[in-house]
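Novice: Each chain is listed here by its residues.
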Amino acid sequence: MSSSSTTWDYAPAPESAPAEIAEAYGLFIDGEFIEALDGGSMDSIEPGTGQLLTRFAVAGQADVDAAVAAATRAQPAWAALPARERGKYLYRIARRLQERAREFAILETRDGGKPIKESRDVDIPEAAKHFFYYAGWADKLDYAFPGRRAQPVGVCAQIIPWNFPLLMAAWKLAPALACGNTVVLKPAETTPLTALRLAEVCQEVGLPQGVVNVLTGAGETGAALAAHPGVQKLAFTGSTEVGKKLAEGVAGSGKRLTLELGGKSPHIICEDASLDQAVEGIVQGIFFNQGHVCCAGSRLLVQESVQDEVVEKLAWRMQQIRVGDPLDKNTDLGAINSAGQLETIQRYLALGQEEGATLHESGQFGTLPEGGYYQRPCYFENVQPAHSIAREEIFGPVLSVMSFRTPEEAIQRANDTPYGLAAGIWTDKGSKMFELASRVRAGVVWCNTYNRFDASSPFGGYQQSGFGREGGRHGLKPYLKLTSWGAEG
Amino acid sequence: MSERLPVLKTYKLYLGGAFPRTESGRSQVVESAGQPVAHLCRASRKDFRNAVVAARKALSGWSARSAYNRGQILYRMAEMLEGKATEFVQALAATVPGGEERARREVEAAVDRLVSFAGWADKYAQVLGCQNPVEGPYHNFSLPEPTGVVTIVAPDEPALLGLIGQLAPVLCSGNVAVVLGSEAHPLATAILGEVCATSDVPAGVVNLLTGFREELLEQFAAHRDVDAISAAGVSAEERRTLELGAAENLKRVHVLEVAAAEDWFEEARFASPELIESFVEIKTLWHPSAS
Chain A
1 MSSSSTTWDY APAPESAPAE IAEAYGLFID GEFIEALDGG SMDSIEPGTG
51 QLLTRFAVAG QADVDAAVAA ATRAQPAWAA LPARERGKYL YRIARRLQER
101 AREFAILETR DGGKPIKESR DVDIPEAAKH FFYYAGWADK LDYAFPGRRA
151 QPVGVCAQII PWNFPLLMAA WKLAPALACG NTVVLKPAET TPLTALRLAE
201 VCQEVGLPQG VVNVLTGAGE TGAALAAHPG VQKLAFTGST EVGKKLAEGV
251 AGSGKRLTLE LGGKSPHIIC EDASLDQAVE GIVQGIFFNQ GHVCCAGSRL
301 LVQESVQDEV VEKLAWRMQQ IRVGDPLDKN TDLGAINSAG QLETIQRYLA
351 LGQEEGATLH ESGQFGTLPE GGYYQRPCYF ENVQPAHSIA REEIFGPVLS
401 VMSFRTPEEA IQRANDTPYG LAAGIWTDKG SKMFELASRV RAGVVWCNTY
451 NRFDASSPFG GYQQSGFGRE GGRHGLKPYL KLTSWGAEG
Chain B
1001 MSERLPVLKT YKLYLGGAFP RTESGRSQVV ESAGQPVAHL CRASRKDFRN
1051 AVVAARKALS GWSARSAYNR GQILYRMAEM LEGKATEFVQ ALAATVPGGE
1101 ERARREVEAA VDRLVSFAGW ADKYAQVLGC QNPVEGPYHN FSLPEPTGVV
1151 TIVAPDEPAL LGLIGQLAPV LCSGNVAVVL GSEAHPLATA ILGEVCATSD
1201 VPAGVVNLLT GFREELLEQF AAHRDVDAIS AAGVSAEERR TLELGAAENL
1251 KRVHVLEVAA AEDWFEEARF ASPELIESFV EIKTLWHPSA S
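So the protein lines, in turn, are chains A and B. Under our numbering, the final residue of the first sequence carries the number 489; numbering is consecutive throughout. Under our numbering, the final residue of the second sequence carries the number 1291; numbering is consecutive throughout.
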């Protein structure tokens, strides 16, 4: 691996296309951008630089009321549109997202800190794909669930996180709209920009007023929206802690609820796996999007016989990870989403060492903009299953390495968690793969790959990782009232 | 010559494949026209916790059974229920208005419901699962897996058909159940264990409690080792209790809103795979396709 010749470095390759950002942004209610009624606003910080990016309105109770009222007014006509026409609006949105993809990618990267190559190659194209996929379902809903008639639920409140801002907006909006519902969407307070730009796209394509409303703000705005009696369905992606509070809040209200929550997903490497590919999978599994991924493969379980080899390969591979300016096309690991999240990650790094695990920080810094929030990729060795870093979601580029002796033990360790979102399994033996895949308690199982997503593929968790599925045919169900064709009413 | 003294049945709980009395030693009297017809166990919270332990223990074995085998066992339950039809008719008619004619109709519908779900056992995965046409060189498919330990709160009426209507979909998809039967008409629940015990239902897969909702509902909702709740015939307040308790460990809650007892006879609604759908988790598998 060592070389006597000069080490070649990458020249900076910043994305140069412009993406205009205004000084301030309003709420999007009933087809118009407006100020918050009480005039409240917040700063949006660019995590790559730590500098002020823009300001945005904070929706209060009166704004929540107005948005829910707008969605309520718009819903009957939206549901009554010929279904194919409803679908055509979604196709239009997909097309505009594709046309404006470059601009969206830059916005996403500046607002959230993720590397431009990820927002460019994953977030934006997948968001467009999601609208395109569900557009086609709009006029086929009666075929989706045999024997049952499909009707919209009504007004949906959708609260989304900061790790995939536009993509999560698409995951939420596309199926809801295709099914004839109207929506009030609340993006996360650190990443409101692409949702607001998406609202602009809704205006551009002539989406009827009130069908999509976007309320920016923090937890209080979300809580007010979730509690609003005019909401028939609540969909939330975020932490398990908040998810449980929301579940308590809607208890007895008759509101429908779907939750896509946290995880501590096991990544199992068997001795007969293709180890080089597995190491690529490990890197993809935990360092994609700085590890700000609910399904991140954060618990590595390696079979003892290959543990040393895997860790050695991983350590070498991690040295090649470039941490740097999110806007640089060569950057692998961008900025941590916020100062608060960086603090959380560093707290876990300290806690892991206090509990007795060995920390290895790796990667290489490119040219770092001053003032940004950066963290090198890390892994812990000597991790015990009871350690906090083996049980709690860190939501950062931090991997806990553990081992197992037999596949039986791998399953026990993999399932030793209240979560159940995703799992990875690497083995070249098909029968073992299916055995492990069928016994691991997780909603998504990546076999000999990791962190793959598709609009047609259902995503969602077991146990305390939440309930309901997003993507695919299953992703329609939370947004439909289904009644038996033969039954009365 | 004195007349022969009939041998009366002692009714007990059905728990972990056995017929224990409630650990609390408490009982309740079932009356018909003001006369006592049976003494039943009044299950305690401890009985419920024991039942959850038995159910959890039975889960891995039951969910690993072949779908064909589960289907045959449900069908066997139908056979045994049919065989005991007269006893069930009398048990229902003792307390449910409408007499033996109505009771017979209910028992027959319950048998038929079991037959429907016996058939679903090896078919629902094909209806609820699918292959997904993802972009890229991946083979991708989604399939349903059992949610796990399910508590069932059955409606007061119809006491047998309601319970079977909730139990059959839960069992056929590989889940295990702890049931609180009808409080108003508990006799059928007390006999149903005999059907399970003679149908090759493994111990712990079905656990049947007779008792009072007021005493047990909170535990049914809040127990940390329960994965899902099926409830029918519950009031708004009871529903809230269930959903609040469920929030703690994010149990799946499925409340069946059924306007009238008669509605349970509707096959279009109650023999539908929709009832299974609420107690399965969709697992999606990805694998690269390459040489």
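Derived from the structure by calculation, the hints contain no laboratory data. Each residue gets a CB set at the ideal place from its N, CA and C atoms; glycine is no exception. Treat the hints with care, as some may be off.
[What the hints assert, rightly or not] Distance windows between CB atoms, simulated:
#, chain 1, residue 1, chain 2, residue 2, range
1, B, G1061, A, G430, 44 to 50 Å
2, B, E1267, A, G430, 38 to 44 Å
3, A, K329, B, G1061, 53 to 59 Å
4, B, S1066, A, H360, 44 to 50 Å
5, A, G252, B, E1267, 41 to 47 Å
6, B, R1104, A, T406, 54 to 60 Å
7, B, E1215, A, P76, 28 to 34 Å
8, B, S1060, A, Y143, 35 to 41 Å
[Claimed, not checked] With a Cα cut of at most 30 Å, we get these calculated DSS-like pairs of lysine-lysine:
#, chain 1, residue 1, chain 2, residue 2
9, A, K88, A, K481
10, B, K1057, A, K244
11, A, K477, B, K1123
12, A, K329, A, K313
13, A, K477, A, K244
14, B, K1123, A, K140
15, A, K429, A, K140
16, A, K245, B, K1046
17, B, K1057, B, K1046
18, A, K140, A, K313
19, B, K1123, A, K481
20, B, K1009, B, K1046
21, B, K1123, A, K244
22, B, K1123, B, K1046
23, B, K1084, B, K1057
24, B, K1084, B, K1009
25, A, K432, A, K140
26, A, K432, B, K1009
27, A, K140, A, K88
28, A, K245, A, K429
29, B, K1046, B, K1012
30, A, K477, A, K245
31, B, K1123, A, K429
32, B, K1012, B, K1057
33, A, K481, A, K244
34, A, K329, A, K117
35, B, K1012, A, K432
[Stated by the list, open to error] Covered stretches of chain A, as calculated for chain B (at least 3 residues, CB under 8 Å):
#, stretch
36, 186-197
37, 248-254
38, 444-455
39, 462-472
Novice: A separate judgement is required for each hint: does it hold in the structure or not?
Specialist: Hints, verified against the model:
{"no.": "1", "hint": "B:G1061 - A:G430: 44 to 50 Å", "in the structure": "violated, 25 Å"}
{"no.": "2", "hint": "B:E1267 - A:G430: 38 to 44 Å", "in the structure": "holds, 41 Å"}
{"no.": "3", "hint": "A:K329 - B:G1061: 53 to 59 Å", "in the structure": "holds, 54 Å"}
{"no.": "4", "hint": "B:S1066 - A:H360: 44 to 50 Å", "in the structure": "holds, 46 Å"}
{"no.": "5", "hint": "A:G252 - B:E1267: 41 to 47 Å", "in the structure": "violated, 31 Å"}
{"no.": "6", "hint": "B:R1104 - A:T406: 54 to 60 Å", "in the structure": "holds, 55 Å"}
{"no.": "7", "hint": "B:E1215 - A:P76: 28 to 34 Å", "in the structure": "violated, 45 Å"}
{"no.": "8", "hint": "B:S1060 - A:Y143: 35 to 41 Å", "in the structure": "holds, 36 Å"}
{"no.": "9", "hint": "A:K88 - A:K481", "in the structure": "holds, 22 Å"}
{"no.": "10", "hint": "B:K1057 - A:K244", "in the structure": "holds, 27 Å"}
{"no.": "11", "hint": "A:K477 - B:K1123", "in the structure": "holds, 20 Å"}
{"no.": "12", "hint": "A:K329 - A:K313", "in the structure": "holds, 25 Å"}
{"no.": "13", "hint": "A:K477 - A:K244", "in the structure": "holds, 21 Å"}
{"no.": "14", "hint": "B:K1123 - A:K140", "in the structure": "holds, 23 Å"}
{"no.": "15", "hint": "A:K429 - A:K140", "in the structure": "violated, 39 Å"}
{"no.": "16", "hint": "A:K245 - B:K1046", "in the structure": "holds, 28 Å"}
{"no.": "17", "hint": "B:K1057 - B:K1046", "in the structure": "holds, 17 Å"}
{"no.": "18", "hint": "A:K140 - A:K313", "in the structure": "violated, 49 Å"}
{"no.": "19", "hint": "B:K1123 - A:K481", "in the structure": "holds, 24 Å"}
{"no.": "20", "hint": "B:K1009 - B:K1046", "in the structure": "holds, 24 Å"}
{"no.": "21", "hint": "B:K1123 - A:K244", "in the structure": "violated, 34 Å"}
{"no.": "22", "hint": "B:K1123 - B:K1046", "in the structure": "violated, 37 Å"}
{"no.": "23", "hint": "B:K1084 - B:K1057", "in the structure": "holds, 29 Å"}
{"no.": "24", "hint": "B:K1084 - B:K1009", "in the structure": "holds, 14 Å"}
{"no.": "25", "hint": "A:K432 - A:K140", "in the structure": "violated, 38 Å"}
{"no.": "26", "hint": "A:K432 - B:K1009", "in the structure": "violated, 51 Å"}
{"no.": "27", "hint": "A:K140 - A:K88", "in the structure": "holds, 13 Å"}
{"no.": "28", "hint": "A:K245 - A:K429", "in the structure": "violated, 43 Å"}
{"no.": "29", "hint": "B:K1046 - B:K1012", "in the structure": "holds, 15 Å"}
{"no.": "30", "hint": "A:K477 - A:K245", "in the structure": "holds, 23 Å"}
{"no.": "31", "hint": "B:K1123 - A:K429", "in the structure": "holds, 28 Å"}
{"no.": "32", "hint": "B:K1012 - B:K1057", "in the structure": "holds, 21 Å"}
{"no.": "33", "hint": "A:K481 - A:K244", "in the structure": "holds, 24 Å"}
{"no.": "34", "hint": "A:K329 - A:K117", "in the structure": "holds, 6 Å"}
{"no.": "35", "hint": "B:K1012 - A:K432", "in the structure": "violated, 45 Å"}
{"no.": "36", "hint": "186-197", "in the structure": "violated (count 0)"}
{"no.": "37", "hint": "248-254", "in the structure": "holds (count 4)"}
{"no.": "38", "hint": "444-455", "in the structure": "holds (count 8)"}
{"no.": "39", "hint": "462-472", "in the structure": "holds (count 7)"}
Violated hints for the displayed structure, listed by number in ascending order: 1, 5, 7, 15, 18, 21, 22, 25, 26, 28, 35 and 36.
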